[in-house]
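Now for the letters of each chain:
Protein chains: 4
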Amino acid sequence: MKEWQERIYQENQKDKARLLVSCPDQPGIVAAVSEFLFKQGANILASNQYSTDRHKGTFFMRIEFEAPDLHQKEALFKTGFTQVAERFEMKWDIIFAYKMKRMAIFVSKELHCLRELLWEWQSGDLMADIPLIISNHEDAREIVEPLQIPFYCLPITKETTKKVEEEQLRLLAEHSIDVIVLARYMRILSPEFVARQKNKIINIHHSFLPAFVGAKPYERAFDRGVKLIGATSHYVTDDLDEGPIIEQDIMRVNHQDDVRKLKKIGASIERSVLARAVKWHLEDRIIVHGNKTIVF
Amino acid sequence: MKEWQERIYQENQKDKARLLVSCPDQPGIVAAVSEFLFKQGANILASNQYSTDRHKGTFFMRIEFEAPDLHQKEALFKTGFTQVAERFEMKWDIIFAYKMKRMAIFVSKELHCLRELLWEWQSGDLMADIPLIISNHEDAREIVEPLQIPFYCLPITKETTKKVEEEQLRLLAEHSIDVIVLARYMRILSPEFVARQKNKIINIHHSFLPAFVGAKPYERAFDRGVKLIGATSHYVTDDLDEGPIIEQDIMRVNHQDDVRKLKKIGASIERSVLARAVKWHLEDRIIVHGNKTIVF
Amino acid sequence: MKEWQERIYQENQKDKARLLVSCPDQPGIVAAVSEFLFKQGANILASNQYSTDRHKGTFFMRIEFEAPDLHQKEALFKTGFTQVAERFEMKWDIIFAYKMKRMAIFVSKELHCLRELLWEWQSGDLMADIPLIISNHEDAREIVEPLQIPFYCLPITKETTKKVEEEQLRLLAEHSIDVIVLARYMRILSPEFVARQKNKIINIHHSFLPAFVGAKPYERAFDRGVKLIGATSHYVTDDLDEGPIIEQDIMRVNHQDDVRKLKKIGASIERSVLARAVKWHLEDRIIVHGNKTIVF
Amino acid sequence: MKEWQERIYQENQKDKARLLVSCPDQPGIVAAVSEFLFKQGANILASNQYSTDRHKGTFFMRIEFEAPDLHQKEALFKTGFTQVAERFEMKWDIIFAYKMKRMAIFVSKELHCLRELLWEWQSGDLMADIPLIISNHEDAREIVEPLQIPFYCLPITKETTKKVEEEQLRLLAEHSIDVIVLARYMRILSPEFVARQKNKIINIHHSFLPAFVGAKPYERAFDRGVKLIGATSHYVTDDLDEGPIIEQDIMRVNHQDDVRKLKKIGASIERSVLARAVKWHLEDRIIVHGNKTIVF
Numbered sequence: 009m010k011e012w013q014e015r016i017y018q019e020n021q022k023d024k025a026r027l028l029v030s031c032p033d034q035p036g037i038v039a040a041v042s043e044f045l046f047k048q049g050a051n052i053l054a055s056n057q058y059s060t061d062r063h064k065g066t067f068f069m070r071i072e073f074e075a076p077d078l079h080q081k082e083a084l085f086k087t088g089f090t091q092v093a094e095r096f097e098m099k100w101d102i103i104f105a106y107k108m109k110r111m112a113i114f115v116s117k118e119l120h121c122l123r124e125l126l127w128e129w130q131s132g133d134l135m136a137d138i139p140l141i142i143s144n145h146e147d148a149r150e151i152v153e154p155l156q157i158p159f160y161c162l163p164i165t166k167e168t169t170k171k172v173e174e175e176q177l178r179l180l181a182e183h184s185i186d187v188i189v190l191a192r193y194m195r196i197l198s199p200e201f202v203a204r205q206k207n208k209i210i211n212i213h214h215s216f217l218p219a220f221v222g223a224k225p226y227e228r229a230f231d232r233g234v235k236l237i238g239a240t241s242h243y244v245t246d247d248l249d250e251g252p253i254i255e256q257d258i259m260r261v262n263h264q265d266d267v268r269k270l271k272k273i274g275a276s277i278e279r280s281v282l283a284r285a286v287k288w289h290l291e292d293r294i295i296v297h298g299n300k301t302i303v304f
Numbered sequence: 009m010k011e012w013q014e015r016i017y018q019e020n021q022k023d024k025a026r027l028l029v030s031c032p033d034q035p036g037i038v039a040a041v042s043e044f045l046f047k048q049g050a051n052i053l054a055s056n057q058y059s060t061d062r063h064k065g066t067f068f069m070r071i072e073f074e075a076p077d078l079h080q081k082e083a084l085f086k087t088g089f090t091q092v093a094e095r096f097e098m099k100w101d102i103i104f105a106y107k108m109k110r111m112a113i114f115v116s117k118e119l120h121c122l123r124e125l126l127w128e129w130q131s132g133d134l135m136a137d138i139p140l141i142i143s144n145h146e147d148a149r150e151i152v153e154p155l156q157i158p159f160y161c162l163p164i165t166k167e168t169t170k171k172v173e174e175e176q177l178r179l180l181a182e183h184s185i186d187v188i189v190l191a192r193y194m195r196i197l198s199p200e201f202v203a204r205q206k207n208k209i210i211n212i213h214h215s216f217l218p219a220f221v222g223a224k225p226y227e228r229a230f231d232r233g234v235k236l237i238g239a240t241s242h243y244v245t246d247d248l249d250e251g252p253i254i255e256q257d258i259m260r261v262n263h264q265d266d267v268r269k270l271k272k273i274g275a276s277i278e279r280s281v282l283a284r285a286v287k288w289h290l291e292d293r294i295i296v297h298g299n300k301t302i303v304f
Numbered sequence: 009m010k011e012w013q014e015r016i017y018q019e020n021q022k023d024k025a026r027l028l029v030s031c032p033d034q035p036g037i038v039a040a041v042s043e044f045l046f047k048q049g050a051n052i053l054a055s056n057q058y059s060t061d062r063h064k065g066t067f068f069m070r071i072e073f074e075a076p077d078l079h080q081k082e083a084l085f086k087t088g089f090t091q092v093a094e095r096f097e098m099k100w101d102i103i104f105a106y107k108m109k110r111m112a113i114f115v116s117k118e119l120h121c122l123r124e125l126l127w128e129w130q131s132g133d134l135m136a137d138i139p140l141i142i143s144n145h146e147d148a149r150e151i152v153e154p155l156q157i158p159f160y161c162l163p164i165t166k167e168t169t170k171k172v173e174e175e176q177l178r179l180l181a182e183h184s185i186d187v188i189v190l191a192r193y194m195r196i197l198s199p200e201f202v203a204r205q206k207n208k209i210i211n212i213h214h215s216f217l218p219a220f221v222g223a224k225p226y227e228r229a230f231d232r233g234v235k236l237i238g239a240t241s242h243y244v245t246d247d248l249d250e251g252p253i254i255e256q257d258i259m260r261v262n263h264q265d266d267v268r269k270l271k272k273i274g275a276s277i278e279r280s281v282l283a284r285a286v287k288w289h290l291e292d293r294i295i296v297h298g299n300k301t302i303v304f
Numbered sequence: 009m010k011e012w013q014e015r016i017y018q019e020n021q022k023d024k025a026r027l028l029v030s031c032p033d034q035p036g037i038v039a040a041v042s043e044f045l046f047k048q049g050a051n052i053l054a055s056n057q058y059s060t061d062r063h064k065g066t067f068f069m070r071i072e073f074e075a076p077d078l079h080q081k082e083a084l085f086k087t088g089f090t091q092v093a094e095r096f097e098m099k100w101d102i103i104f105a106y107k108m109k110r111m112a113i114f115v116s117k118e119l120h121c122l123r124e125l126l127w128e129w130q131s132g133d134l135m136a137d138i139p140l141i142i143s144n145h146e147d148a149r150e151i152v153e154p155l156q157i158p159f160y161c162l163p164i165t166k167e168t169t170k171k172v173e174e175e176q177l178r179l180l181a182e183h184s185i186d187v188i189v190l191a192r193y194m195r196i197l198s199p200e201f202v203a204r205q206k207n208k209i210i211n212i213h214h215s216f217l218p219a220f221v222g223a224k225p226y227e228r229a230f231d232r233g234v235k236l237i238g239a240t241s242h243y244v245t246d247d248l249d250e251g252p253i254i255e256q257d258i259m260r261v262n263h264q265d266d267v268r269k270l271k272k273i274g275a276s277i278e279r280s281v282l283a284r285a286v287k288w289h290l291e292d293r294i295i296v297h298g299n300k301t302i303v304f
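Protein chains in written order, with this note's numbering: chain A, 9 to 304; chain B, 9 to 304; chain C, 9 to 304; chain D, 9 to 304.
Okay, chain A solo, but in the shape it has when bound:
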């Protein structure tokens, strides 16, 4: 994203915020929240809610709002809302839209997902800072560096995994990274690494989960003779390919499509599914609840 785009974006967003709430369901929540916002002079731009169950369920809400000079009143809004939150035992967050999230991308040798993310980012459709891109191979360097994004090639072998992860964590900390996107990064992250980034690592798996968990999903899809192939974007947890699903999509294939063709068709599903998932995350549209996502 060019600097002038960033300036326009921040100017445009500076008085907007997103409120995310989850709490035990009971009458009066919407009234209390919307009254609070009204009293602060805020105007609700969009609002979504969902309850897991009518009786004793969990209530979830996302509100986009704007208020005059909001960017100067962050602390005020946060302190003020604490009272409402306590009354309803809420887990909550107010995210101020002008603060762009800081996103790291991890990639290996397959570059189609990275390309799509960078393309969307250049068009101003993925609003994030990208302070660094990390790979275990050199392949991505030639498409990353022309965009003035720092590229770190950290090759890994079984023996060096732990050391390389420490270096990765150091880089993430150094750049205050908020979200990590695994854009076909073909290494499994250690439980320690994952634990430190809970619900902050977004992966793309090249199958329609829970079908074909693990390695070589296109080969296995070919062997099984499926008539549709898919891709799944999910948050990474310790259980391989078992994390909360954010988005999935599929395309039709037939008996003529060999593994090479499945990979080619699959690549176009992967890139659009991952781009949508990342976009929703950046816009704070996703609430993780247990092993599922609510996408508002």
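Possibly wrong hints are sitting among the right ones.
Heads up, the list lumps identical chains together, so a pair's fine if it works in one copy or across two of them.
[What the hints assert, rightly or not] With a straight-line cut-off of 25 Å between C-alpha atoms, the simulated DSS-like cross-links for lysine-lysine are:
(1) K64 with K22
(2) K287 with K269
(3) K208 with K24
(4) K107 with K22
(5) K99 with K24
(6) K287 with K64
(7) K287 with K271
Keep in mind that the hints were calculated from the coordinates and are not lab data.
Please build the complex by placing chains B, C and D on the supplied structure of chain A, with the hints as guidance.
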């Protein structure tokens, strides 16, 4: 729908209602409405809102709520809400869910849409009373009468159009009909007829509107060599096939598909598109705004 | 299907046939087959071919053809083709289109798939004789008997499985059944039963296989939080839900959809997927190769 | 595409060709063609056929074949086939796969379609030479020149149209261009220009044709309140947006999507639809028949 299904439905729905609102956008609307509902002891089950524009736009909202003994307090709720409504210059309605809408179906010789509606209705997925089905042909009688629904065959010629429409209107009035579904009814209704049923007549047009307005859309789709065919459900206005669109869908076709095949493929799109549109109408999910629909 | 429809169909189809071939790939197959047909005065209406691999692969072909007075020359065509077939070591069949396949439908309590099949059959879109419908419950009787199709209710318990299967096999033999459709038949057939009907039993599984093999797929899809649900039609083999896949499709769902809603959405996928698979089978479009299908 | 990719491609394709045929339908065509190929030692890799009508229709066929040392026998094959062709009054062509088509791309300010084409081309999925890219604006230069493709910026005003077209034609002739892709080129080409490139200009129109012919389709789709938007790739003829359709696709939109959002969603449909159409053209899969396409 069997009587016992109806009883269960009404029991289940008797304390539920839907509030539809549209008004000039301004801060405080959600707060005022949700506070009103909270004070009446109502619990919000689902809520959706939309503004046409951030500045001086129109605001739309649909809230599903339940309240103890709601069915005994209809007048109270309506009177009470009038104050909120006046303050914000709202157009609004509160629809009590246990009152099933009374739906008439018009059909000609093609029965696939009628079949789908009756099937969904028998499965309890279209909650409506169907006091009568009207046709200009006898074909539908054999599938309608076994279901104990009165069937009126009113043949029409150019000369008798006016007289038959009068008879239709008399039947609609006599049965207190709320909504008319044209399930491939192949006659054009007069402006007078339409004017008396504004936003209450749902049609299925067998093309992807605005492509192929008017007669013989499949023949014209074939001649044009399109690669997708579609169907559109919309509210009927005086302008042929120009009313507010509720739902559309398409399927892929290719050079091998002749007109007969297009009609066959199209029939399956028509029936699912119409069924979805009717369902949304019965659940009060649709607000007509100018020549468009907001579907919550 | 009404008798007059059947007569028209048979009149229309009486000089048409389908040739199915599979053999080791080598040059000259198409030339030999098409020359044979040309010499018999046949005209090729449609032709499809596929090879698993360019070198030493398997070659598959389906040809639809017509020839004057074909219905009187069945033996001639079959004897004549034997020479071509031997030269290329073909597995092959010539199916004469006017001979309608004899189809039995098995169903339990969920009737949506049966309804769809009967509907397509009544519209003349599934060309088959249906000499009987078998169920382990009484539920389907009221929609089967009005169509003058014999309905057999054979309740099963664990203890009676073997005896009931014998009775089923007796009925299938008595009615010279060619193909069995399991339209949500919720019992597992014994290996003996399946072995006697190889590639002749078509099942609909209510998930996107290989995800959610076995029982309660909608419940498990809900628990996993998938964003798409699907259905799969396949030939039945001894391995539960592992047989060759014929057709699959999916629909989008979201966090708001509970299990009941998933089942409802799924039902509409199931019925269209099964209807397509059955249609392709009746039109001899499917060749089973190992554990996969080629669908021409 | 890198040189080494090209070398591999040509090595791989050097003995492959595609035969395209159209002629009045009659028995014996397939036999004659396949016998010819067999006698030349050719092996059929894929074959498709289609007839417009069973009686007195037009017959179309595409055969992919390979033969040892084919690239050295081009004249032989062409001369040899002439006899078969004359017997059946065929229009026909044999295209030798190793000869890559020479493709020019025209673009204006919107670059998403160009980007997609270049991306597919770099990945080796669009096998063509791209000797030049022409634009009436400078915007594309920065993504074209790094790929070592000559970029010509030829600005146009109403007054200079004729002169610029002459320059364009000169460039196309100089570079022996076989196919022109209008990747969101926002100028209407003159009838003279189009006449000289019959069925050789591929356009992407940003609507689901025949809906929204002409300018500003997204604005008009928004005004009409459609629930799906689409894109159409077609050959260019003199009638604006009326040429033979090659491919179409759509995506779902709703009342919340403003024109900006429709354009964004539409862009992703446009790029995939155009890329598919161009690919099919390069693989000689398309036969134009009247105002329609047969896509094999």
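Quick rundown of the hints versus the structure:
Taking the shortest Cα distances, K64 and K22 sit within 25 Å of each other only across copies (20 Å), while inside one copy they are farther apart (37 Å). In this assembly of identical chains, K287 and K269 lie within 25 Å of each other by CA distance solely across copies; the values are 14 Å between and 28 Å within a copy. In the homo-oligomer, the alpha carbons of K208 and K24 lie at most 25 Å apart inside one protomer (23 Å), although the nearest pairing across protomers, at 39 Å, exceeds that limit. Taking the closest pair of Cα atoms, K107 and K22 come within 25 Å of each other only inside a single copy of the chain (8 Å); across copies the shortest separation is 47 Å, beyond that limit.
For the identical chains of this complex, K99 and K24 are intra-copy neighbours only, at 20 Å inside a copy versus 28 Å across copies, given an alpha-carbon limit of 25 Å. Taking the closest pair of Cα atoms, K287 and K64 never come within 25 Å of each other, the shortest separation being 32 Å inside a single copy and 28 Å across copies. For the homomeric pair K287 and K271, the shortest alpha-carbon distances inside one copy (24 Å) and between copies (17 Å) are both at most 25 Å.
Of the numbered hints listed earlier, the single one contradicted by the structure is hint 6.
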